[in-house]
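Peer 1: Sequence:
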Amino acid sequence: MKTTVQPITKLPLLVIALLIITGMPACQDQTTSTYTYRTQYPVYLQMSNFRTSQAVIESGKELENPGKIYIYNDFLLINEPQKGIHILDNSNPSNPISINFINIPGNVDLAVNSDMLYADNYLDLLVFDISNPRNIQQVKRVEDVFESMYTDRSTGTFMTLKDTVLTMDSDVNSDWGMGWGNIFWNRGGMFAMSSDASRGGGESYGQGGSMARFTLMSAHLYAVDEHSLRVFNVENEENPAFIKGIHLGWGIETIFPFQNKLFIGSNTGMHIYDASNPSEPTQMSVYQHVTACDPVVVNETYAFVTLRTGVNCRFGVDELQILNIEDPYSPKLLKSYPMENPHGLGLAGDYLYVAEGKHGLKSFNVADVMNIDKNQLEYLRSLKSVDIIPGPKSLIVIGPDGVCQFDYSTPNKLVQLSCINVKNPIIV
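Mapping of the sequence shown onto mature numbering (1 follows the signal peptide of the UniProt record, and there is no 0): residues -28 to -1, 1 to 400, in sequence order.
These are computed hints drawn from the structure, not numbers from a lab.
Mixed in with the good hints there might be a few duds.
[Unchecked claim] BS3-like mimics (lysine-lysine), calculated; alpha carbons at most 25 Å apart, straight line:
1) LYS346 to LYS304
2) LYS233 to LYS216
3) LYS385 to LYS330
4) LYS365 to LYS385
5) LYS385 to LYS346
6) LYS395 to LYS330
7) LYS233 to LYS346
8) LYS112 to LYS55
9) LYS395 to LYS33
10) LYS307 to LYS365
11) LYS216 to LYS112
12) LYS55 to LYS304
13) LYS33 to LYS365
14) LYS346 to LYS330
15) LYS330 to LYS304
16) LYS233 to LYS307
I would like the entire structure built from these sequences, with the hints used as guidance.
Peer 2: Quick look at the structure:
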């Protein structure tokens, strides 16, 4: 008797899927726990819908999903990605006081120049007078200076993203989840950390963290999206003038200014631009590394670059790289140090603070860059951290659970001053 065997390729796909799910042994233990993730999905909007009125200034409210941090004089500004900016009185870092909230749909970035706050509003740049933070006034809208993943100007339609929260069983691999801080940035459609690093070159500028897409230097505002550098003249602080866009290649993530140079982090390398002519930045060099998410901070001699694996950098590495940048036309890798999953970082003299995401916060003495691993000062494992500002009054650390401030006058022993907790914590 001849027996025929039906090829498995002709079985319905659903049957095959069920066979795989029920017939194959699990690779890891299953539990009944659930995880909550904050993510976003694309929606289409009309340009006219967000240009019809001034931004609404609301009374201070609780943090829900902190994004970027920025300090200006005695004030702390905290971005809620896609929603707006919290303004807090931080004259006493032990007791920051919420003053108000600027409702700005589509907001991701911010910077402050001489009491003028610059903030993105989808495709536009908004300018606010914050000379009196208790009576903020919108003074300018500059239209169509940023890009969307999709824009149809004939119909006035563009694509942006809307927040949503997902709850999943723990048998779903948590590495799939976006986690805190990974947002689908509306301008270019690539995943990118919600962050800021505006470290301006003048006394009139504020200070941010290491993961900026906005920064100020030499009376110019520089903004990066996933593929370009956008240049604005802000000599007239109330009336920024868009000058040009410079194509950089895909995967651009952060920007950090230092001594008339722009250090731009991407998921494939670090770009160095000469901005001595601030309206016409020119490329000096590109240091390439493996694909990994990449912020950078620098001093006169070295660049400190963290590389990490993540949603958009699955084939990367988790390490701290030290580069010699004395010759900015030819940066050289000196040494790499393994890390857990480094995000933002902050440099204060000879001391480096590294945000290790859900793994905590590390601090190092980096006077000897060839032996950083032997000079770790602290490892605060319970402090989930994503970015850092070494400010004049405190070390400010932002993470999925909120914003904490520390006295770091004794670098090897951080002393907590305050923490602003988020309303509904989301998993890192």
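Peer 1: None of the hints should be skipped; say for each whether it holds.
Peer 2: Checked hints:
1. LYS346 to LYS304: Holds. LYS346 to LYS304 sits at ~22 Å (cutoff 25 Å).
2. LYS233 to LYS216: 17 Å, holds
3. LYS385 to LYS330: 20 Å, holds
4. LYS365 to LYS385: Holds. LYS365 to LYS385 sits at ~16 Å (cutoff 25 Å).
5. LYS385 to LYS346: 17 Å, holds
6. LYS395 to LYS330: Holds: LYS395 and LYS330 sit about 18 Å apart, inside 25 Å.
7. LYS233 to LYS346: 31 Å, violated
8. LYS112 to LYS55: 19 Å, holds
9. LYS395 to LYS33: 10 Å, holds
10. LYS307 to LYS365: Given pair LYS307, LYS365 is violated - Cα atoms ~32 Å apart, limit 25 Å.
11. LYS216 to LYS112: Distance ~19 Å between LYS216 and LYS112 Cα, so the pair holds.
12. LYS55 to LYS304: 40 Å, violated
13. LYS33 to LYS365: 24 Å, holds
14. LYS346 to LYS330: 23 Å, holds
15. LYS330 to LYS304: 30 Å, violated
16. LYS233 to LYS307: Within the cut-off at roughly 23 Å; holds.
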